[in-house]
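Since chain Y is already given, all that's left is putting chain H on it; use the hints.
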Amino acid sequence: MIRFEEVSVTYEGAAEPTVRGVDFEVPEGELVLLVGPSGVGKSTVLGAVSGLVPHFTGGTLRGRVTVAGRDTRTHRPRELADVVGTVGQDPLAHFVTDTVEDELAYGMESLGLAPEVMRRRVEETLDLLGLADLRDRPIATLSGGQQQRVAIGSVLTPHPQVLVLDEPTSALDPAAAEEVLAVLQRLVHDLGTTVLLAEHRLERVVQYADRVVLLPSPGAAPLHGDPAELMSVSPVYPPVVDLGRLAGWSPLPLTVRDARRRAADLRERLAARVAAGSRADAAAGSRADAAEGSRAAVAGGSRAAAAAGSRAAGAARVGAAAPRQRGQATPPPAETSTAPALRRLFRRRPTPTPELSRQHIAEIRSLAVRRDRITALRHIDLTVAPGETVALMGRNGAGKSTLLGSLVGLVEPTAGTVHVGGAVPHRTPPRDLVRRVGLVPQEPRDLLYADTVAAECTAADRDADAAPGTCRALVSELLPDITDDTHPRDLSEGQRLALALAVVLAARPPLLLLDEPTRGLDYAAKARLVTVLRALAAEGHAIVLATHDVELAAEIAHRVVLLADGEVIADGPTAEIVVSSPSYAPQVTKILAPQPWLTVTEVRDALASPPTTAQARKAHAREAQA
Amino acid sequence: MGSAVPRQRGQAEPGPGPQQRRAHLHPGAWWLWSLGLGTAATRTTNPLLLALLIAAAGYVVATHRSAAPWARSYTAFARLAAAVLLIRLAFTVVLGSPIPGTHVLLTLPEVPLPHWAQGIRLGGEVTAEALLFSGYNGLQLAALLICVGAANALASPARLLKSLPGALYEVGVAVVVALTFAPHLIADVQRLRAARRLRGRPDRGIRGLLQVGLPVLEGALERSVALAAAMDARGYGRTAAVPARVRRTTTALTLGGLLGVCAGTYGLLTAEGGTYGLPVLGAGVVAALAGLRLGGRRTPRTRYRPEPWGVHAWLVAGSGAAVAALLALASVRDPQALHPGVVPLVAPTLPLWPAAAVLLATLPAFIVPKEPS
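Chains as they are written, first to last, in this note's numbering: chain Y, 1 to 626; chain H, 1001 to 1373.
Don't take every hint at face value.
Some, not all, of what chain H presents toward chain Y, calculated at C-beta under 10 angstroms [to be verified]: (1) Leu1105; (2) Leu1214; (3) Ala1229; (4) Met1231.
Listed next, with one range per pair, are the computed distances between beta-carbon atoms [stated by the list, open to error]: (5) Ala1252/H with Glu178/Y: 57 to 63 angstroms; (6) Pro468/Y with Thr1075/H: 39 to 45 angstroms; (7) Ala1365/H with Glu412/Y: 26 to 32 angstroms; (8) Ala1244/H with Arg73/Y: 21 to 27 angstroms; (9) Arg1191/H with Ala455/Y: 20 to 26 angstroms; (10) Val1225/H with Gly422/Y: 44 to 50 angstroms; (11) Glu178/Y with Pro1243/H: 46 to 52 angstroms.
Treat the hints as calculated values from the structure; they're not laboratory data.
C-beta atoms are modelled at their ideal positions from N, C-alpha and C, and glycine is treated no differently.
Bound conformation, chain Y alone (with noise of 0.2 angstroms):
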């Protein structure tokens, strides 16, 4: 159906083909995942099926593309557009009309079908995509996924029999990303439409590919296969083939089910390992002896029980009732009978003490928003305390943007108070505003004016009062390879992010917020974008980060709040809220349920620990005595 000839691309003005050697064929009706790191030229490679690429883009691209027997060389992406719906990365982009209903039909008028046919697809597909509601609402209304389903529907209308999608399900939340998901796997099952499709978040799509093509690097030729054979060599890989490799399973799972089938071994090594680490803890608090305890803990492996020992000034209960620092991220040993002390230690952290509240840096009192008629967030009571991240989840739409927008004093509340850092937001001016609480915005790109990264960084010195080099410094850190006249647009999506986050931490705000941080970011980026986050957690920085990424949430997350309907409907630790829906527990978590594991770190780092030690076995009889 679709066939790359000895494909490559160069755009003007570059020195290189952005891709080459594309050589592969996808048949009809099947799924076609394609994968790879960011800048790889994933979208040059789908803009080649549509024609977009050369005709839209510009540059030479060599050898020969067909889609359905059509060469794109002499068929233009209008004359192509009855076989083939591309769907780009920012949907926004796409819409053509202003209402949804309208938006469904445009392409089906441009190819001129009978005007029954058209009222039956639209409202087929109203249905498919869960959109009857939404029908004449104005498209730029809509949220995020909204917009990406109406998207797509506008492309599946005229039934294409093939399907190009960028990125379908970045920007949508677990729930609705699985219904696009059902989507294309219906169109592929039932009408035998070919689907080709990149996307960064492996973990929600690879387990639905037929065949994978893979981009391992810039310029390289691309690979193609068995999903699961391609997965084992990949750079970029979802968390349960990362696990899978960690176990050392062959072939690799794809799907957490198969995974689960294979992980009974793996559970009891798990279970093993989290006895002794638990022992070895227990005895550190007993001994309240800071540096023994730590030098234990690490033992145990339990980064946890370190912050608990290195604190514990002579007290038995600290590890109980020690807030938890990054700890929270790390396993609670649920299925053991030996480890009482550390069970205790991982109980939910009772409700924030006075003296606590205190020091809170957010604080959100039966906040209620009104916006355009609607009732965008309703009674939410929210604080943050220093040096905790906390992950707002929730449908697309819930709010989640409206309450980052409330705490930097871009939304106004309607009813309630907000205090940050003790002002009041939307009613600080800017300047004070920004030492306060600094917010990188679902898109990077609106808080860069500049043309170079060097004067953005001046410039970001010069607004937060910080002393000169700050900023650039910052990024330096970030994006170690970033030259100071690149212009912001030339960066990829993470590296913008990155640029930023440099800007907005130039301030030093205390309170640090981000929309969406790892829309379009692949898992090095992703894995990068965790590190800073962590080591700003760790400094004493607050961070409310609102994502759909379950697994990004697991990573970093103390504490989950769930909004849904402008609502808060769960708030407490990470491990509790994740663990007990369906649609939010990281890959990991299901795998080896009914242990609490969150991520493929702490299992790895679980299995490197040294297996129990007899000094920690006896320190744990001596604590049984007492």
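Leaving out everything else, chain H in the frame of chain Y:
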């Protein structure tokens, strides 16, 4: 067109019935209405009538605009109108006015200009007559702008597209994309100014506006290119294979028709062309229309749920036309009342029946079912 049944709001409840229609009024009706109001505004400089007209348009917008983003452009147009009025007044104050006046309000220091700049005055006396005169004219312009803003707020220009004949569709899209450029630009400016707050810069004031200028333009340009790509990928501009004969006939008919229209109009306007003017114009129009219709064959486009032109649409368009016609009549019958003099200085009076005519413009506020919010 007449087959469409006017629908009440309650009928717009989601229901699968094939004839259920959104409670939209035909966008053409709103545009005709506002064009009528605009025409009426050009017929008078009476500030009371113009104020009444602006109020009438504003009232209808207030009751009938939707929550859609383009509806917000009304505020922008209103601001623009105010700016136009103020600039007009400022020019009069600074540059003076040819209106002779005796009521000197204040005297600005006059800047002596070299002899080659004769006829231009900077500073000097500011008279009440001159101010009033430019105020009247400014208000007229402002009323026009507000009428356009009202049309924008009530019906997105993109919806008008659906009513264009197939042959003109592509031109129409180009125009509409250009028209929506401005609202998108405004939305971008608002977003980026808000983002300035995040950088610790004031989000208000002129400087803030200027500094986001470049990114806004860059963004707008990028979006235009992306939109063009998306439209192309979705089949915009596809043509059907048409026999060469038909194509040539289309061209001949369209060009010939347009020539005929030109010649006919010329004939009508010149003294000696009275005899052939009308028939040539008529033939030209017919030929051009036939050309357009035939040209539509080249575009395979079909139309999804075209907006019905129902009773409400007739009434709305009619009310606009009535206001225009009545004020045009009044300006002939009673030019004094519609163009109050400024020399000598008199207070404008509100002529009764033209005022009643202007009030007709509020008719849509009462008869058109509101869009469900």
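Status of each hint after checking the structure:
no.: 1; hint: Leu1105; result: 40 angstroms, violated
no.: 2; hint: Leu1214; result: 7 angstroms, holds
no.: 3; hint: Ala1229; result: 5 angstroms, holds
no.: 4; hint: Met1231; result: 6 angstroms, holds
no.: 5; hint: Ala1252/H with Glu178/Y: 57 to 63 angstroms; result: 58 angstroms, holds
no.: 6; hint: Pro468/Y with Thr1075/H: 39 to 45 angstroms; result: 41 angstroms, holds
no.: 7; hint: Ala1365/H with Glu412/Y: 26 to 32 angstroms; result: 30 angstroms, holds
no.: 8; hint: Ala1244/H with Arg73/Y: 21 to 27 angstroms; result: 25 angstroms, holds
no.: 9; hint: Arg1191/H with Ala455/Y: 20 to 26 angstroms; result: 21 angstroms, holds
no.: 10; hint: Val1225/H with Gly422/Y: 44 to 50 angstroms; result: 46 angstroms, holds
no.: 11; hint: Glu178/Y with Pro1243/H: 46 to 52 angstroms; result: 51 angstroms, holds
Against the hints set out earlier in the document, a violation occurs for number 1 only.
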